[in-house]
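Residues per chain, in single letters:
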Amino acid sequence: MMGGFMRSLSKTLLPIAIAALSFVSVEGQAPKKATAPVKKSTVPKTPWGDPDLQGVWNDATSTPLQRPGGVGSKDTLNDEEAAEFQQQLANDLSRDRRDGGPEVDVNRAYNEHWMDSRRLKITADRRTSLIVDPPDGRIPPLVPLTPEREKARAARAAANTRFNAGLPEKIEDFSLPVRCIIRTDSPPYLPTIYNNDFQIFQSPGYVVIGPEMIHSARVIPLDGRPHINKNLRQWLGDSRGHWEGNTLVVETTNFRTDDGVVFQNANPATFKITERFSRVDTDTINYEFTVEDPTTWTKPWTAVIPWTKIDPAEQMYEYACHEDNYDVVHFLAGARSREKRGETK
Amino acid sequence: MRNRFTIAIVLVAGFGVITTIWLAAQQPPVRPAQTQPYRAPRLADGHPDLNGIWQAFVTANWDLQDHEAQPGPHPETMGAYGAGPAGQSVVEGGEIPYQTWALEKKKQNFEKRAMADVSSDKKWHDIGDPEFKCYMPGVPRATYMPFPFQIVQGSAPYILMAYEFTSSTRIIRMNTKQEAPTPSWMGWSRARWDGDTLVVDVSGFREETWFDRAGDFHSDELHVVERYTPTSPYHLMYEATIEDPKVYTRPWKISFPLYRRMEKNVQLLEFKCVPFTEEILFGRFRKEAAK
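Chains as they are written, first to last, in the working numbering: chain A, 0 to 344; chain B, 37 to 327.
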């Protein structure tokens, strides 16, 4: 889905990308500093002395993970460019159009009614990508994959094609989010169409992140205990945290090896993610993550996403997914019915 | 007459005094520790610290009421693996006070506990134990599933209860009068402190959850009041009063202790059971099966 989204974004952004090229400056080429400076006085503390991250936070933004093609090395925009960029992204994310293949349609299956309004705005610092390193704002190139992984990726792509054609053969043809197994609860946390809320709980020795989708609690012990044994693997991995000044640093390993469990189908055996949560002021957490996987990408990469505190009245809701997952039955039953009628293309 | 009567009273009184002295002499000296209620460690706000990983060790998930050891629904394939343990009722007075129609419904639930039919959206929840289908267990069942849960209590006006079973969670909101915004599987939990007891009022339930594998159930008018009382560094006493005028003739109560999990490296692991149910729920829509 990401591929289709990026392609369509590249298309619509071509004019602005060309315009933006003329604004490229020397400053624009410098890699953005990953972590904003934290003023000590602005960081509240819990009664037991840890930086206080408790509250409900939202990470929605329209700024894409990767810098759209053509913008080149320009990483931030001026007023006029920013307004146009934001408008284009909003348009591309939410308008009901038929200007691409099924992949594009599915990616825009929900119209503006469903869209978290925060999802239609770029980051306050007007970046053109959430990725800050490498400086080109793009995920580094892949290393050559083993034949087994190439085969697995091809099988996954074939399943996606069947799904997009409305002809899934079995439940395993659906992605893990559609099957309600994992959704936005697996790190790295990236903005999506809706329910971009995370409630943070703390107690002495723990930080716990409760993502709205799917109602899981990511319990992060801070007591320096080792990870669970490496032969014990989990959908959300196994997280350990520690404080570096006012920043919560979380390292997560032990991901399951199922297809699609880790970001962009990297290799769970070698995938490692380090997240840094820094409360920069009353209403903002700077969320930075670095992923590395030497058997997937040529180098590590880092993204920064601002989390905004939301009004407590705008609370988290229970996200029951599997409990009423009517759609997978509609898809499967529909596919069987189409086969009977000979509509297999 | 009067004299004899007086003498009798004096004799009886005297015997009573002697008996009291004799009984007192037989009893061990009263130890102050036994009469003082346990006082739990406090958090900075002065309330008891309930943080920890807890687990019930009752067999109420099979049946809240008295139950003998029993075969599972498919002994022909599951053998003793699918069988359930015996256990004594955790219901005060032993029996759940069902209305007549509801007792009949409970029996039907039990008969079809290990079945599922998702072929129609409208009948999606008609048969089968929600646990069998890996649905969120609701309250109080989440508390006595045979899995641990963690209480996360900090300085915010929220307490998190995170359950290992299907990674379900519930947020306990302290001292609020706000009503449930919409029905949910885990309900809408509002709490206050009553001395050392955390009292959680839970309403706003979806009607589909069950209480156990025996088919015990409720309606959308379910109202549960839970009480968590620390009784030692290693125990919480758990009580839940269950009320539902559509289904029972009166409110009823369950109680049992929760035990602190003491392993040095204890942590919640994952029991994401959705993949374990996909064949039973969706297998019939497989391409091969449709031939």
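You may find that some hints are simply not true.
These stretches of chain B come out as covered by chain A in the derived footprint (C-beta under 8 Å, 3 or more residues) [stated by the list, open to error]:
id	region
1	75-89
2	105-115
3	219-230
4	273-284
Think of the hints as simulated: they come from the structure by calculation, not from any bench.
Each residue gets a CB set at the ideal place from its N, CA and C atoms; glycine is no exception.
Which of the numbered hints above does this structure break?
2, 4
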